[in-house]
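*Asks:* These are the residues of each chain, in order.
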Amino acid sequence: MTSTFLLLGVFINIVVFSQTALKYLENQAQITIFFKDEFTEEKIKTYQSELHNDPRIMDVSYVSKEDALRIFREMNKDEPILLENISASVLPASLEVKTKDITQLKNISEEFIQKEGVEDVQFFEDVIQRFSVWSRTVYIIGFILVLVFLIVSYSVVVSTIRTSINNRGEELSIMKLVGASDEYVKKPFIYQGVFFGVLSSFIASIIVFLLDLTADKLKIFSDGLSLGFIPGFFISPLIFSLILCFVLILSGFLLGLLGSTTAIKKYLQS
Amino acid sequence: MSQIEFINITKQYGNFKALDNISFTINNGEFIFLVGPSGAGKSTIIKLLIREELSDAGEILFNGKNIKEFTQKEMPDLRRKIGVVFQDFKLLNSKNVFENVSIALEVVNSSETEIKSIVPNVLNLVGLTDKILSFPKQLSGGERQRLCIARALAHEPDVLIADEATGNIDPDASQEILDLLGKINSLGTTVIMATHDERMVDQMKKRVLRLDKGSIISDKKGGKYRE
Chain V
154 MTSTFLLLGV FINIVVFSQT ALKYLENQAQ ITIFFKDEFT EEKIKTYQSE
204 LHNDPRIMDV SYVSKEDALR IFREMNKDEP ILLENISASV LPASLEVKTK
254 DITQLKNISE EFIQKEGVED VQFFEDVIQR FSVWSRTVYI IGFILVLVFL
304 IVSYSVVVST IRTSINNRGE ELSIMKLVGA SDEYVKKPFI YQGVFFGVLS
354 SFIASIIVFL LDLTADKLKI FSDGLSLGFI PGFFISPLIF SLILCFVLIL
404 SGFLLGLLGS TTAIKKYLQS
Chain C
3 MSQIEFINIT KQYGNFKALD NISFTINNGE FIFLVGPSGA GKSTIIKLLI
53 REELSDAGEI LFNGKNIKEF TQKEMPDLRR KIGVVFQDFK LLNSKNVFEN
103 VSIALEVVNS SETEIKSIVP NVLNLVGLTD KILSFPKQLS GGERQRLCIA
153 RALAHEPDVL IADEATGNID PDASQEILDL LGKINSLGTT VIMATHDERM
203 VDQMKKRVLR LDKGSIISDK KGGKYRE
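Chains V and C are the protein sequences, given in the same order. Each residue of the first sequence is one higher than the one before, counting from 154 in the numbering used here. Each residue of the second sequence is one higher than the one before, counting from 3 in the numbering used here.
Here are a few chain V residues that face chain C, going by a calculated C-beta distance under 8 Å:
1. E324
2. I327
3. M328
4. L330
5. V331
6. G332
7. A333
8. S334
9. D335
10. Y337
Over the 10 Å line for every Cβ pair with chain V, so calculated as not near, a few chain C residues:
11. N65
12. M206
13. S220
If you anchor each label on the Cβ, the simulated ranges turn out as follows:
14. C:K139 - V:T316: 21 to 29 Å
15. V:S312 - C:K139: 26 to 34 Å
16. V:S326 - C:Y15: 19 to 27 Å
17. V:I293 - C:Y15: 54 to 62 Å
18. C:R201 - V:S326: 28 to 36 Å
19. V:T316 - C:Q14: 31 to 39 Å
20. C:K70 - V:R289: 56 to 64 Å
21. C:G16 - V:I293: 52 to 60 Å
22. C:K97 - V:E336: 20 to 28 Å
Rather than coming from a laboratory, the hints here were simulated on the basis of the structure. None of these values were measured; they are calculated from a predicted model. Backbone N, C-alpha and C fix where the C-beta goes; we use that ideal spot for every residue, glycine too.
With the sequences and hints as input, model every part of the structure.
*Replies:* Next up, the structure:
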């Protein structure tokens, strides 16, 4: 049962990590609009303010020819031959646009390609879309696996308590014959189920916490973790890990309680 | 008011009629033998009385209350008022003599002080004080049956049922059990004893309820096994 809770914790982590990675990709410059040389900075800035007012847009920044040269130099600093004949005049000015929702990328790109002064529009549609599909798949599979693991854990508790009841069957029937109430017979099994669930989930929680602690030390998610169901919300990996451990232990408690109650109820009814 | 009343009780297992419209009453403090051949209905009467099973027709009243009306929550209370001693003992082999008796008190959440006071008393009554730390497997058949009686007495029941309680023990031990049941009865507890032991029934000269094929064929005070 510990391994079940461990897998549960690891899958929840994978789901959250992939959501965070997706959010990170989404937050990178998503569309770059390049302008023709003759298109003036003033006109580009008009487009910039139009985009600022567009509700679909999260952020837009202007990259002048000089900025483009600086970026180009930075990117190719190890290749001096490439940098020899390059000047700001040959590089285009551009606007880097981030949308709130990546499904808007294509629309905005298509709108701008037809506009006056626009040379080209580039965006990493394939990469982001592919990652989005992958992340959603992980989310769905993770969710299904979490449900499966919860059912497995529940079944483990029920069968463990049933085995325990069968081993003590004679004792229980004698207890009933000498006047034990149902509550009296139930109690030790419910305690056993709860103890079993909490202990298993506690051990799993420690392992999950250590894994998350390692991820935190490596600073893999320096901006925090994104919870897919709360847009724009980031949480420290350690706080997330503590919440996850609490959820795992609570699940262990509830599964132990529910499983043992079901098992003993069936025995008493029979 | 009678302590126990069986009113037109019928119990059927498939096509077999274990009890066929029988009626009788038992008064407080009586000693009654249930006799008859195997399958006559003796054990069925006991099972119905402790509500291990329910009758198909008729009413069983215990202290004026219909047994069928006892709720699941009231059942433990009924079982504390009616102590049962079984032929196969039903003892916990992993627990010693003291623990086998104390379990009857633990299940009703008796305090440790109560347990420490009641258990030695009932063990003294059945003559097992010197075996208090022995385990059931270290006891003779008669001693095991006395231990069962001690456990049944822990709740100070109104009624003590002995279902073929001497069936698995030798004649000397049987006599001891019979003497013990007589002593318990003299202290005011109603005793119902189902038995095949003719000698025992004839010796006691108590009320004898004779059954055959689910019907009462005789009910005599101071009766004998074959009368």
